[in-house]
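Enquirer: Quick note: the sequence shown uses the working numbering, first residue 2, plus one each step.
Honestly, I wouldn't trust all of these hints.
In silico EDC-like pairs for lysine to aspartate or glutamate, Cα to Cα no more than 16 Å straight-line [what the hints assert, rightly or not]:
id: 1; residue 1: Lys4; residue 2: Glu53
id: 2; residue 1: Lys57; residue 2: Glu127
id: 3; residue 1: Lys152; residue 2: Glu87
id: 4; residue 1: Lys56; residue 2: Glu127
id: 5; residue 1: Lys57; residue 2: Glu137
id: 6; residue 1: Lys70; residue 2: Asp32
id: 7; residue 1: Lys56; residue 2: Glu24
Now the in silico label distances, taken between C-beta atoms and shown as ranges [as the list claims (entries may be wrong)]:
id: 8; residue 1: Glu61; residue 2: Glu137; range: 21 to 27 Å
id: 9; residue 1: Asn138; residue 2: Glu87; range: 19 to 25 Å
id: 10; residue 1: Arg20; residue 2: Pro118; range: 48 to 54 Å
id: 11; residue 1: Arg78; residue 2: Glu103; range: 28 to 34 Å
id: 12; residue 1: Arg20; residue 2: Glu137; range: 47 to 53 Å
id: 13; residue 1: Thr114; residue 2: Asn64; range: 21 to 27 Å
id: 14; residue 1: Asn64; residue 2: Tyr16; range: 19 to 25 Å
id: 15; residue 1: Arg49; residue 2: Thr93; range: 20 to 26 Å
id: 16; residue 1: Asn161; residue 2: Glu87; range: 42 to 48 Å
id: 17; residue 1: Gln73; residue 2: Glu134; range: 28 to 34 Å
Hints in this document: simulated from the structure, not taken from any laboratory. Glycine included, each C-beta is placed from N, C-alpha and C at the ideal position.
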Amino acid sequence: MEKIYGATSAQNGLYRVGRLKWEVIYGFGKDHQEDETGYNYRLRYSYRPRLENIKKDIVEAINEIVREKILQGLQFRGLLVWLSAENQRNYTNWFTMAMINESNLPITVRLGTDEEPEEVTFNTLEEITEFYETVENHIKNTIDEGRMMKKSINWEDYENEKD
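Go ahead and model the full structure; you've got the sequences and the hints to work with.
Expert: The following block contains the structure:
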């Protein structure tokens, strides 16, 4: 699904937009809370999709939103935390090693962006615990948000075409 900007609210539904063209529009979001307008997600079809197809596509779009937010939606001390699967494993391993034996400290991680990387060193168990809990809470909260997004969908909006 692609973001279509200029929306002021959710416009959920299935729309026929041409002789052999349909659009599914889902959700509403803003890049910045202070923005006056936001975006909806849109997916175009060259056939009239069945509700099962629409459900599959919207759920996959939500899953992608969740993956993207987990990957690059966390800031720690003002720096981007890149949460690839490898980094998540590394952070867990480093935290576990520090918990087992504090002599495994200090631990230095690279945060920020590729253009502006910054190394952050955790010298104490309290510092690495704060970082690790921030990472784990971000992942849990993002997954919970995705679950709520899925639960809040009114599938009746997609059963009939709208004008």
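Enquirer: Take the hints in turn and mark each one as holding or not.
Expert: Against the structure, the hints:
Between Lys4 and Glu53 the alpha-carbon distance is near 22 Å, which puts this suggested pair outside the 16 Å criterion. Straight-line distance between C-alpha atoms of Lys57 and Glu127 comes to about 43 Å, which puts the hinted pair past the 16 Å bound. Between the alpha carbons of Lys152 and Glu87 the distance comes to roughly 30 Å, so the proposed pair goes past 16 Å and is violated. Between Lys56 and Glu127 the CA atoms are separated by roughly 44 Å; this puts the pair beyond 16 Å, and the hint is violated.
Between Lys57 and Glu137 the CA atoms are separated by roughly 28 Å; this puts the pair beyond 16 Å, and the hint is violated. A distance of roughly 12 Å separates the Cα atoms of Lys70 and Asp32; the hinted pair therefore holds under the 16 Å criterion. The straight-line distance between the Cα atoms of Lys56 and Glu24 is roughly 13 Å, inside the 16 Å bound, and the hint therefore holds. Separated by about 25 Å at the C-beta atoms, Glu61 and Glu137 satisfy the suggested range of 21 to 27 Å.
Hint check: Asn138 to Glu87, Cβ distance near 20 Å, so the stated range 19 to 25 Å holds. Here the CB-CB span from Arg20 to Pro118 is close to 52 Å, well matched to the stated 48 to 54 Å. At roughly 22 Å, the beta-carbon separation of Arg78 and Glu103 lies outside the given 28 to 34 Å, and the hint is violated. At about 51 Å, the CB distance of Arg20 to Glu137 agrees with the hint of 47 to 53 Å.
Taken as a hint, the range 21 to 27 Å holds for the pair Thr114 and Asn64, whose Cβ atoms sit roughly 25 Å apart. For the pair Asn64 and Tyr16, the supplied restraint of 19 to 25 Å holds, since their beta-carbon distance comes to about 23 Å. Between Arg49 and Thr93 the C-beta distance comes to about 46 Å, which lies outside the given range of 20 to 26 Å. Between Asn161 and Glu87 the CB atoms are about 45 Å apart, so this pair conforms to the stated range of 42 to 48 Å.
Remark: the range hint 28 to 34 Å for Gln73 to Glu134 is contradicted by a beta-carbon distance near 19 Å.
This entry does not satisfy hints 1, 2, 3, 4, 5, 11, 15 and 17, going by the numbered hints stated previously.
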